[in-house]
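Colleague: Listed below, chain by chain, are the residues.
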Amino acid sequence: MKDEIAVQLTGITKRFGPVTANSAVTMDVRRGEVLALLGENGSGKTTLMNMLSGIYFPDEGTIEINGTPASIRSPKDAFDLGIGMIHQHFKLVDVFTAAENIILGLPGKSRLNMRAVKEKIRGICEKYGFEVDPDRKVYNMSVSEKQTLEIVKVLYRGADILILDEPTAVLTPQETERLFGVIRNMRADGKSVIIITHKLHEVMEISDRVAILRRGKYITTLETKDADERSLAEAMVGEKLALNIDRSEPKNTTLRLEVKHLSCYNAEGIPTLSGVSFDAYGGEILGIAGISGCGQKELLESIAGLQQTRPGSSVLYYPDGGEAEELIGKSPREIRGLGVALSFVPEDRLGMGLVGSMGMTDNMMLKSYDMGAPVFLHKKDPSALAGAVRDDLGVVTPSLSTPVRRLSGGNVQKVLVGREISEAPTVLLTAYAVRGLDINTSYSIYRLLNEQKEKGVAVIYVGEDIDVLLELCDRILILCGGVVSGIVDAKSTSKEEIGLYMTKVGGPSDTDKSAGDYTDGNEENDGNKGKEDGR
Amino acid sequence: MKDAKESARSGAPREPLMRLVRRDTVKPARAVAVRAAAIVLSLLVCGVFFVTVTDSSIIEIYSAMISGTFRNGITVNTFLKEACMLLIIAVGLAPAFKMSFWNVGGQGQVLAGGMAAAMWLFYFGNDLPNAVLLPLMIVSAAVGGGVWALLPAIFRVKFTTNETLFTLMMNYIAIQLVKYLRITWSPIHALGMITRKAGSLPSLFGNENGWIYVIAAAAVVLMYVYMNKTKHGYEISVVGEAPNTARYAGISEFRVIVRTAFISGAICGIAGFLYVSAIDHTISETMGGGYGFTAVIVAWLAKFNPIFMTLFSLLISFVRSGSSEIVSMNTTTLDSSIANINIGIFLFFLLGCEFFLNYKIIFRGRGEVGK
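Residue numbers (numbering that gives the first Met the number 0), protein chains in the order written: chain S, 0 to 534; chain U, 0 to 370.
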């Protein structure tokens, strides 16, 4: 049973116009194994799996499922073959309950027997160790619950082959642990699980074998027990890597920002930040950790002047040798105009920060286009800047006027980070600066941030990967449901400690029964989440 | 599950008969070829259509269409005038569309501009010299059209109303207002107090449509510069393409949307002035003959590029004048609305061909041939 081949891909090729996303990929997945599909961004992992789940149809090559050739023309074909994919962006109807989402699109009798459906859902949950309330509406669910629901949905349809596209990107360490537990249960049940990821330590922890893709080509499949993180990273990138962040001791730290009692409400009047207070120093990297949607975005936006804050909030900025300036109440332009250089790498790099249809040059002048003589645009400086950013950061683009939408994710990110750093800020706010970037590029971004720190810039870094936060930052502030649950020294804390702060205000001291408290702690921000998603 | 197993057993897996693949980029040569093919096809279908409804042969149809447009100075002038009016309205709509502000109120803005211009004509037409009257008419027409677009813009930004519905409704308000004003103003008009010369644009280069051509050409050039070379044009692109990015860059959405909507409406208003001053010498609710909507398609097809807008306007005007000629040859059997059917055919093909520019169809057994 163990060595039976569940999926055999032979010579799979997929092109999008001039871009070849997958080129003659031949690989297999065994029954009852967890296969990690590893590769840098843009290496074609998701495209390959989309062909297995019926989203795309391969241009060349064959797919065999359980030894029989298969033609997967639609997600329905995939379901019929027992293949289910859990996408990065969940495909759920917000206003439906869990059970309604699960049976959505399934054939059935004209009379719907909800009780039987719920019974079956509970059966699946018990078997694999899920926690799903069939009557809970999706908009009330946390990200982790939505993901669980997606998995249950796929299992309900009888999937034997599950594909998870970067499932841990949105989870806390504790949630990840729980997900891995479920995956192990599924493996024990004889299901094949393919997990797309680029987090090496997770590959080591959960997988039986690792298949590696590089630039659309299949490289090799390794037994996980024979591999280590370094060898995997090198197979993935194709060259020797230096995987360490040089964290220098903060020198000559000076107070730059003093945030006091910062509170925000969202459009529905639900608090997104309450009473956040902290200081940020020049020459230091302050990390901000937290489950996504816990107020990180609002915090940075408040400092940058993009958020309406509650009365009593205060953000004091200390320029070199000058009087403290209150930033609350100033517009983003005023904040720049005062000589306060705040830079912001937004969460969603294209949606907020860049204009997809414009080239690098036009994107470079987004904040500076208004300077110089009136009426007409002056493209000389932005064009020079675009050239410099391209050369310094190694942005791969056909030309400076190629729409940035057509660049790969990593290159888009470099354009954005390059522009922000080029402003020579004194306070650099970055949110998810390496989101979706490959290892090499991520490390060059870390190096850039460290350079800024050494120049005396106060860097505030909102990150997802706790391992990186621990290595990169000097101090880490943890947000939980819009409240500061703790500020810790990055050198002396542990991943577990941060994980506990992330889920419970007050942190580890009173969370011996963490599992139970965890759900309660999460309840608070669930309300916000659903509302935010609904907007 | 059963089906899949059965089909797998019964034979080799079947690729879908045809599937669509989105094109990443289109080579300019291909884009031109596909559009040219669409134009030729649409003219062919127009011709066949006429053959079925008249007694003429296809050759007679085409020669009539061509002679109806280019026979003499008068037909050429009519052809160009219609093209220019359509073009001016399309140029007016373009910045709004570029900003993702779906201004379908071109008709209303033309009428609003026309009303504002006609007001001067009817009340001061005999008292003021044209040198004073015409500038007053132009400016108030621009303001009138601008205000007609400004209202939906303000409501869109302040109350997030849907500007498509709002601008559409403003059309009906304008139409009813014109009907009302025609009754109110008709005694003045009927008394012959307005001489035909009052408030009329003088001829230019010996051509009575001269000013229309100049204004259309100026609109094209200025709009091209405005959209591509100015700070305002940059702001329009950013707000239209990425509103969040605009907010983040400190660009005021309110200012940009309101300003651009006003400019958009003002240009349509100037088209209304031209109808009153140079073409109709009066005001009526049918003024502009639905160009407010046709212009939406012209602007879209041209991807807001004023040069392409010129081309499409000329083509649509050609189909119109050619169709009218055939109608005039068969007045007993055909009605002037035939022209609209032909423009419909023409637009169907031009819009349809966009599909072949954006997607590639792959038939079973023919893998995608990459570069």
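It is possible that some hints are incorrect.
[Unchecked claim] Some chain U residues close to chain S (C-beta under 10 Å, calculated; not the full set): (1) 34; (2) 234; (3) 241; (4) 245; (5) 246; (6) 248.
[Stated by the list, open to error] Restricting the straight-line Cα-Cα distance to at most 20 Å, the calculated cross-link-like pairs of lysine to any residue (SDA-like) are: (7) U/230 x S/59; (8) U/230 x S/15; (9) S/366 x U/359; (10) S/366 x U/232; (11) U/97 x S/355; (12) S/75 x U/17; (13) U/228 x S/400; (14) S/366 x U/207; (15) U/228 x S/55; (16) U/230 x S/376; (17) U/230 x S/383; (18) U/302 x U/249; (19) S/329 x U/252; (20) S/379 x U/227; (21) U/230 x S/355; (22) S/366 x U/138; (23) S/366 x U/17; (24) U/26 x S/467; (25) U/230 x S/332; (26) U/80 x U/207; (27) U/302 x S/332; (28) U/359 x S/59; (29) U/302 x S/355; (30) U/359 x S/55; (31) U/26 x S/377; (32) S/366 x U/242; (33) U/228 x S/377; (34) S/329 x U/227; (35) U/97 x S/379; (36) U/359 x S/15.
Derived from the structure by calculation, the hints contain no laboratory data. C-beta atoms are modelled at their ideal positions from N, C-alpha and C, and glycine is treated no differently.
Colleague: For each hint given before, does the structure comply? Return the numbers of the non-compliant ones in rising order.
Modeller: 1, 7, 8, 9, 14, 15, 18, 22, 23, 24, 27, 31, 34, 35
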